[in-house]
Amino acid sequence: MSDMADSLRAFIQETFLFGREPDFSDDDSFLDMGLIDSTGVLELVGYLEDTHGVKVEDEELVPENLDSINQIVRFIESKQSAAAAT
Amino acid sequence: MCGIVGIIYSERVPVDPRPLRRMLATLGHRGPDEQGIYVDGPVGLGHARLSIIDPAGGQQPMCHREAGRWITFNGEIFNYVELREELAARGHRFRTRSDTEVILHAYDEWGDACVEHFNGQWAFAIWDERRRRLLLSRDRLGIRPLFTTRLGNRLLFASEIKALLANPDVPRRIDPAGLDQTFTYWTTLAPQTIFEGIRELPPGHNLVWQDGRLSTQRYWQLSLVPDDAPRTEDDWAEELIELLADATRLRLRADVPVGAYLSGGLDSTLTTALIQRTSDAPLRTFSITFDDVEFDESNYQREAVAALDTDHEAIRCTARDVGQIFPAVVWHAERPILRTAPAPLFLLSELVHDSGFKVVVTGEGADEMFGGYNIFKEAKVRRFWAAEPDSAWRPLLLGKLYPYLPNLQAQSMAYRKAFFHVRPDDLADPLFSHLPRWEMTSRLKSFLSDGFRSATVGQPGYADCLATLPESFADWPPFCQAQYLESTIFLPGYLLSSQGDRMAMAHGVEGRYPFLDHRVAELAGRIPPRLKMKGLREKYLLKRAARGLVPDSVVRRAKQPYRAPDAASFFPTGDGTAPAEYVRELLSAKRLSADGLFRPEAVEPLVRKAARGDVIGQRDNMALVGILSTQLVVEQFIRNRPGKGDSHLLCEAPEGPFRQKVTVPFSQPNNDLPAESLDTASPVR
Chain L
371 MSDMADSLRA FIQETFLFGR EPDFSDDDSF LDMGLIDSTG VLELVGYLED THGVKVEDEE
431 LVPENLDSIN QIVRFIESKQ SAAAAT
Chain D
26 MCGIVGIIYS ERVPVDPRPL RRMLATLGHR GPDEQGIYVD GPVGLGHARL SIIDPAGGQQ
86 PMCHREAGRW ITFNGEIFNY VELREELAAR GHRFRTRSDT EVILHAYDEW GDACVEHFNG
146 QWAFAIWDER RRRLLLSRDR LGIRPLFTTR LGNRLLFASE IKALLANPDV PRRIDPAGLD
206 QTFTYWTTLA PQTIFEGIRE LPPGHNLVWQ DGRLSTQRYW QLSLVPDDAP RTEDDWAEEL
266 IELLADATRL RLRADVPVGA YLSGGLDSTL TTALIQRTSD APLRTFSITF DDVEFDESNY
326 QREAVAALDT DHEAIRCTAR DVGQIFPAVV WHAERPILRT APAPLFLLSE LVHDSGFKVV
386 VTGEGADEMF GGYNIFKEAK VRRFWAAEPD SAWRPLLLGK LYPYLPNLQA QSMAYRKAFF
446 HVRPDDLADP LFSHLPRWEM TSRLKSFLSD GFRSATVGQP GYADCLATLP ESFADWPPFC
506 QAQYLESTIF LPGYLLSSQG DRMAMAHGVE GRYPFLDHRV AELAGRIPPR LKMKGLREKY
566 LLKRAARGLV PDSVVRRAKQ PYRAPDAASF FPTGDGTAPA EYVRELLSAK RLSADGLFRP
626 EAVEPLVRKA ARGDVIGQRD NMALVGILST QLVVEQFIRN RPGKGDSHLL CEAPEGPFRQ
686 KVTVPFSQPN NDLPAESLDT ASPVR
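In the order they appear, the protein sequences are chains L and D. Count along the first sequence from 1, add 370, and you get the number used in my numbering. Count along the second sequence from 1, add 25, and you get the number used in my numbering.
Since the hints were derived computationally from the structure, they do not count as laboratory data. Hints are all accurate, no fakes.
Quick list of simulated restraints, FRET-style, between CB atoms:
| hint | chain 1 | residue 1 | chain 2 | residue 2 | range |
| --- | --- | --- | --- | --- | --- |
| 1 | D | ARG562 | L | SER399 | 31 to 39 Å |
| 2 | L | GLU429 | D | PRO414 | 13 to 21 Å |
| 3 | L | GLU427 | D | SER416 | 18 to 26 Å |
| 4 | D | ALA254 | L | GLU429 | 48 to 56 Å |
| 5 | L | PHE394 | D | SER479 | 16 to 24 Å |
| 6 | D | GLY381 | L | GLU419 | 55 to 63 Å |
| 7 | L | SER399 | D | SER416 | 17 to 25 Å |
| 8 | D | VAL250 | L | SER448 | 49 to 57 Å |
| 9 | D | PRO586 | L | THR421 | 34 to 42 Å |
| 10 | L | GLU419 | D | SER578 | 38 to 46 Å |
| 11 | D | ASP475 | L | SER395 | 20 to 28 Å |
| 12 | L | SER399 | D | LEU494 | 26 to 34 Å |
| 13 | D | SER578 | L | ASP428 | 30 to 38 Å |
| 14 | D | ALA279 | L | GLY389 | 50 to 58 Å |
Predicted model, so just to flag it, every value in this text is computed and none were measured. In this text, a Cβ means the ideal position worked out from N, Cα and C, and glycines have one as well.
Working from the sequences, and respecting the hints, build out all of it.
Here's what the structure looks like:
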């Protein structure tokens with residue numbers, strides 16, 4: 371898929387899988403796979419903010435936005451297009 | 026308090042005293058005062074003694090000649106005075122004033138059931154010459170340790186595993202099942218240990234060896250079945266405080282002075298107050314302070330000291346100290362640990378020892394018995410929430426539980442729901458209270474190497490734990506289920522061992538625990554859970570019982586879990602110091618590959634993260650401490666044989682002080698700490 375998805379996978383591989391090859395699809399839930407914990411959510415948000423220049427609001431900190439590769443890509447793209455439109 | 030060892034053959038093979046001496050030599054820290062061995066044909070018993078009761082008459086191994094019995098015993102039978110009278114009235118004649126001799130006569134009178142008469146903390150072996158039978162026993166709650174291993178027609182036992190491994194015939198291998206349990210429950214589940222072939226006698230059990238056959242009997246089990254009789258809170262509180270006072274009184278019996286740990290929390294303040302009420306003698310108390318305000322409780326300690334008028338001394342513990350002594354801590358704990366919290370207790374027992382004390386009373390066990398832990402509160406809130414999963418306000422209660430975990434505070438409801446297993450389906454699970462903790466811990470297994478990981482994939486759904494539960498467990502109130510899991514897994518497997526017996530005995534100090542008097546535990550089992558935690562007020566009944574005995578500020582204060590700096594102890598950031606050599610060596614890719622337990626490519630990013638000071642969450646901290654301590658176990662117990670001249674080079678303290686000891690005067694406020702010491706706090710994003 372996109373560059374964004376590739377770099378996300380690399381981040382997840384390093385941060386949550388400690389180097390293990392990701393063996394899940396872009397729609398698989400991080401929570402269901404036991405991939406992410408409370409610290410992990412914050413690490414993920416920190417990464418997205420640093421890498422994609424977006425600001426994730428508290429109310430956006432929900433699994434609907436952040437729980438799979440595809441959800442994150444959609445979420446970031448909508449943030450970016452909203453920012454571009456203003 | 027002491028160390029015990031033994032070798033028994035099932036056939037008439039004579040025991041060689043040399044391996045027995047070699048085993049005993051590894052337990053010198055437990056019993057520095059004298060050593061004794063007894064060898065007769067196929068039986069050899071050894072004892073390293075810390076003399077506390079009847080120093081002149083209590084030498085061991087001790088025999089009851091007329092009956093043909095020998096004993097080697099570690100621990101205390103606190104009601105030995107009453108038992109001695111009872112046995113004397115039944116015609117028993119005593120030669121000494123020791124509790125050891127009382128055990129021999131009690132065995133004479135009641136056989137294996139003698140243990141049911143004991144109020145104490147013990148691990149002992151009785152060799153019955155005439156029946157050619159060995160009885161091993163361990164106290165009800167697992168205060169004193171006992172390990173065994175079987176080599177063909179031979180049984181070896183010892184207070185610590187290192188004594189077994191000192192025997193060259195005993196194989197030294199990490200057991201994948203033990204590692205798997207450690208990275209699930211934070212401890213192994215007895216009889217499982219971290220070493221292949223080595224078994225731990227579970228608390229509340231006897232083990233008999235006769236004709237080469239082993240049989241285990243449980244003689245006691247914690248029962249948490251509330252008593253529904255109509256009783257007022259005052260009735261319960263009164264019974265509780267009277268029993269605690271008696272439990273404390275019995276634990277002051279010693280022919281040497283008894284001191285106390287005073288942490289500034291409710292439990293040790295209460296036990297200290299009860300000592301003060303019982304005895305007019307000046308009382309010495311001891312505590313740990315931290316430079317890091319995240320962990321320090323010295324303000325409360327100062328209040329308690331002032332209110333109870335004790336002669337107090339504290340030792341200051343820094344992250345750097347933890348990093349320096351950690352190899353010695355693991356050498357004594359003999360198992361991987363996921364937190365560094367035992368390390369400061371190692372320093373504390375050194376302070377007690379250097380102050381000339383061998384015995385301390387401590388407050389351990391109150392949180393388990395009377396409902397002090399956050400995990401109990403958490404389970405209550407989760408249960409409350411799961412009943413109405415869509416409730417907007419029920420989960421807000423979770424935010425109150427962990428004010429010291431900022432990462433969790435930042436989470437949205439949806440995430441909290443997922444992390445805390447708030448699903449109606451989970452409600453009927455008997456392990457409900459502990460599922461989030463065990464699940465989080467199990468994630469650490471992704472660091473295990475493929476070979477090791479596949480060897481550990483077995484027991485799905487916590488089958489090993491479920492197998493140990495009492496028959497009626499499913500019918501117990503959920504609060505009692507949570508208490509049972511905490512009191513039978515974490516308490517003996519970690520708190521009383523890695524953080525208790527092993528850290529105190531590292532410096533020849535015996536801990537005594539009034540809250541773990543079995544009568545107190547049995548009373549706690551009968552108290553209705555609604556009085557243990559009223560709403561979300563933890564230890565409600567205990568606080569009520571303590572009123573008037575401990576300062577109000579200590580009763581009212583928010584509970585602070587005892588913790589110590591983890592990753593920051595090994596990777597100092599900000600002051601330019603490099604990690605200690607052993608940390609670099611044991612976590613290097615080369616060493617990890619050679620040892621084969623962990624994946625170097627997984628550990629390497631974690632180490633890099635720690636070096637940057639970016640290890641912020643529980644998972645990373647536990648992973649780092651767990652991996653490093655496992656590597657230290659391998660280094661000190663597998664690569665090197667304990668007791669062999671050149672073993673544990675990496676860790677045993679060289680002669681003389683290996684650390685600058687800082688004790689803190691308690692006569693004046695301690696607010697002039699050097700600013701640089703605050704750098705050890707974990708950064709929080």
